[in-house]
Amino acid sequence: MATTNNTAASMIEIRELGKFFGELEVLRKVDLTVESGGVVAIIGPSGSGKSTLLRCINLLETPTAGRIRVGDHVVDFNGPKRQRLNDKSVAAFRANTGMVFQGFNLFLHMTALQNVMEGLVTVRRLPHQTAEQEALALLAKVGLSDKAAVYPNQLSGGQKQRVAIARALAMKPQVMLFDEVTSALDPELVGEVLAVMRQLAREGMTMIVVTHEMAFAYQVADRIVFMRDGVIVEEGPAKTLIDNPQQESTRAFLSHFRNGLP
Amino acid sequence: MSYAWDFGALWSHRGLLLEGAGYTLLFTFATIVLGMAIGVVVALLRLIPSKIVTAPLIFYIGVFRCTPVLVQLIWMYYALPVLTGILLGPATAAILTLSLYGGAFYAEIFRAGIESIERGQWDGARALGMRRHAVMQRIIMPQALTRMVPPLVNQCILQLKNTSLVSVIAVPDLLYQSQVLTSATYRPLEVYTVSAIIYFLLLFPATMAVQYLESRLAKGR
Numbered sequence: 001m002a003t004t005n006n007t008a009a010s011m012i013e014i015r016e017l018g019k020f021f022g023e024l025e026v027l028r029k030v031d032l033t034v035e036s037g038g039v040v041a042i043i044g045p046s047g048s049g050k051s052t053l054l055r056c057i058n059l060l061e062t063p064t065a066g067r068i069r070v071g072d073h074v075v076d077f078n079g080p081k082r083q084r085l086n087d088k089s090v091a092a093f094r095a096n097t098g099m100v101f102q103g104f105n106l107f108l109h110m111t112a113l114q115n116v117m118e119g120l121v122t123v124r125r126l127p128h129q130t131a132e133q134e135a136l137a138l139l140a141k142v143g144l145s146d147k148a149a150v151y152p153n154q155l156s157g158g159q160k161q162r163v164a165i166a167r168a169l170a171m172k173p174q175v176m177l178f179d180e181v182t183s184a185l186d187p188e189l190v191g192e193v194l195a196v197m198r199q200l201a202r203e204g205m206t207m208i209v210v211t212h213e214m215a216f217a218y219q220v221a222d223r224i225v226f227m228r229d230g231v232i233v234e235e236g237p238a239k240t241l242i243d244n245p246q247q248e249s250t251r252a253f254l255s256h257f258r259n260g261l262p
Numbered sequence: 001m002s003y004a005w006d007f008g009a010l011w012s013h014r015g016l017l018l019e020g021a022g023y024t025l026l027f028t029f030a031t032i033v034l035g036m037a038i039g040v041v042v043a044l045l046r047l048i049p050s051k052i053v054t055a056p057l058i059f060y061i062g063v064f065r066c067t068p069v070l071v072q073l074i075w076m077y078y079a080l081p082v083l084t085g086i087l088l089g090p091a092t093a094a095i096l097t098l099s100l101y102g103g104a105f106y107a108e109i110f111r112a113g114i115e116s117i118e119r120g121q122w123d124g125a126r127a128l129g130m131r132r133h134a135v136m137q138r139i140i141m142p143q144a145l146t147r148m149v150p151p152l153v154n155q156c157i158l159q160l161k162n163t164s165l166v167s168v169i170a171v172p173d174l175l176y177q178s179q180v181l182t183s184a185t186y187r188p189l190e191v192y193t194v195s196a197i198i199y200f201l202l203l204f205p206a207t208m209a210v211q212y213l214e215s216r217l218a219k220g221r
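In order, the protein sequence lines correspond to chains A and B. Residue numbers for the first sequence follow this note's numbering, beginning at 1 and rising by one. Residue numbers for the second sequence follow this note's numbering, beginning at 1 and rising by one.
The hints are simulated quantities; they were obtained by calculation from the structure and are not laboratory data. Don't take every hint at face value.
As the list claims (entries may be wrong) - A few chain A positions that, by computed beta-carbon distances, are all more than 10 Å from chain B: (1) Thr64; (2) Asp87; (3) Phe93; (4) Phe101; (5) Glu118; (6) Thr122; (7) Ala168; (8) Pro245.
Said to hold, decoys possible - Covered stretches of chain B, as calculated for chain A (at least 3 residues, CB under 8 Å): (9) 19-28; (10) 135-144.
What the hints assert, rightly or not - Heads up, simulated DSBU-like pairs for lysine-lysine below, C-alpha to C-alpha not over 35 Å straight-line: (11) B/Lys161 to A/Lys88; (12) A/Lys88 to A/Lys141; (13) A/Lys29 to A/Lys88; (14) A/Lys141 to A/Lys29; (15) A/Lys172 to A/Lys141; (16) B/Lys51 to A/Lys29.
Ideal Cβ positions, reconstructed from N, Cα and C, are used throughout, including at glycine.
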């Protein structure tokens with residue numbers, strides 16, 4: 001894993017990213033740039049590759065081609081320059097890119113506090129007491145100070161997702177990736193999670209958000225990317241893309257959401 | 001029933017039965033420890049995505065799960081020396097066989113336990129930047145172990161019962177000593193009843209422990 005002196009303003013730079021699952025090409029020459037502090041929403045029908053793209057950005061899936069830069073960390077999957085990814089460098093890359101999942105993926109044998117502390121202790125290697133203070137501060141930030149000692153089983157979906165966000169933030173990542181984080185939630189719990197994400201966006205966190213929440217994308221994202229069949233069909237400023245889509249498939253996709261739009 | 005029970009002769013030879021029970025416990029303990037060690041190593045090696053590594057392990061597990069342990073025991077004691085020239089004493093052959101046999105089952109229990117943990121737990125840990133061994137040690141294993149405990153204890157119970165088979169190659173366990181005692185006293189009914197009771201007393205607490213653990217696990221979900 002090479003470290004370059006990043007003088008460009010962009011925080012995330014993806015070039016010609018490709019991904020095959022066996023014979024199936026799920027990502028084809030995807031280019032994406034996210035400015036520092038930018039919020040990009042990725043929308044598109046299921047199977048369009050948007051979740052795979054997100055999983056590739058923090059190497060939960062290994063791309064088959066292309067180049068990814070997040071902050072100062074670069075991974076290159078192109079032919080001769082292809083680097084051997086070892087466990088340590090992959091882990092370091094992931095620690096810098098926080099990820100929140102649709103299914104929460106909280107550690108079920110740990111309390112909310114322990115979930116948030118886990119990365120602080122095992123990855124950032126903070127002393128226990130410091131880790132606990134930081135974790136408590138993060139739980140407070142997502143409004144869950146009173147749930148520190150509670151296990152995931154006893155939390156609502158919205159609370160689980162807020163713990164998951166706190167857990168990802170604990171690594172002090174340069175970017176946050178959100179993979180359909182409200183899709184598994186009861187409608188009345190969606191708001192509390194989106195509120196935390198809005199707050200993060202206001203604080204200047206660089207974010208990529210895969211979502212079906214068009215209203216959220218419209219209000220919070222500066223740019224929207226529409227994906228279909230593994231390629232980026234159209235991208236542009238959020239309001240422009242939603243109010244005035246250029247491509248036929250974008251229009252067709254957005255027509256399903258008319259009711260939910262502002 | 002007109003049978004006149006007489007435990008007098010048995011009582012005077014009680015040392016023999018106790019010694020046999022001691023051997024049974026010793027063999028059980030040794031083969032559980034060795035078997036679990038084999039099982040953990042095999043289960044972890046099976047996670048390596050390479051056929052060269054996993055194929056022999058799958059073969060080993062298959063052989064020991066799909067043949068009767070009695071046959072394995074006799075084969076190890078009588079056939080192995082003929083084929084290889086390696087002569088094993090009865091105790092060595094017994095421990096080796098029962099450990100390998102148990103190891104095959106423990107390996108499957110460990111593997112099933114690890115694989116029962118949802119992919120999301122791996123994803124969550126990896127996304128934090130945890131290294132491979134940390135993910136296994138801190139996230140996967142603690143959850144897998146709680147699920148493994150009931151089947152592991154069950155296997156240990158079987159392991160104790162399986163030790164009775166070592167009597168066929170003259171290891172002086174509880175069953176073997178019962179046979180000795182029977183030929184000395186001509187009191188098979190009393191001898192085998194008492195030895196059955198001893199087995200029961202050794203195992204009943206273990207089965208109760210499994211039930212307790214299972215109910216606790218059910219509540220924990």
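Here's how the hints hold up against the structure:
The non-interface label for A/Thr64 is consistent with chain B: the shortest C-beta to C-beta separation is roughly 17 Å, beyond 10 Å. Non-interface call for A/Asp87 relative to chain B: violated, since the shortest CB-CB distance, roughly 5 Å, does not exceed 10 Å. The Cβ of A/Phe93 does not lie farther than 10 Å from every Cβ of chain B; its closest approach is about 8 Å, which violates its non-interface assignment. A Cβ of chain B approaches the Cβ of A/Phe101 within 10 Å, the least distance being about 6 Å, so the stated non-interface status is violated.
The Cβ of A/Glu118 sits about 7 Å from the closest Cβ of chain B, inside the 10 Å cut-off, so the non-interface label is violated. Listed as outside the interface, A/Thr122 is inconsistent with that label: its C-beta sits roughly 5 Å from the nearest C-beta of chain B, within the 10 Å cut-off. A cut-off of 10 Å between C-beta atoms contradicts the statement that A/Ala168 is not in contact with chain B; the least separation is 7 Å. Remark: the non-interface label on A/Pro245 is consistent with the geometry, its nearest Cβ contact in chain B lying 32 Å away (cut-off 10 Å).
For the segment 19-28 of chain B, the proposed coverage by chain A is not satisfied: 0 residues have a C-beta within less than 8 Å of a C-beta in that chain, short of the threshold of three. Evaluation of the coverage hint for the segment 135-144 of chain B: fulfilled, as 4 residues show C-beta separations to chain A shorter than 8 Å, against a requirement of three. For the given pair, B/Lys161 sits about 46 Å from A/Lys88 by alpha-carbon distance, which is inconsistent with the 35 Å threshold. Among the hinted pairs, A/Lys88 with A/Lys141 is consistent with the structure: their alpha-carbon atoms are about 30 Å apart, no more than 35 Å.
For a cut-off of 35 Å, the pair hint linking A/Lys29 to A/Lys88 stands: about 27 Å separates their Cα positions. Restraint check for A/Lys141 and A/Lys29: not satisfied, since their Cα atoms lie roughly 38 Å apart, outside the 35 Å limit. For the suggested pair A/Lys172 and A/Lys141, the alpha carbons sit about 14 Å apart, so the restraint of at most 35 Å is met. Between B/Lys51 and A/Lys29, the direct Cα distance comes to roughly 33 Å. Compliance with the 35 Å bound is thereby established for this hinted pair.
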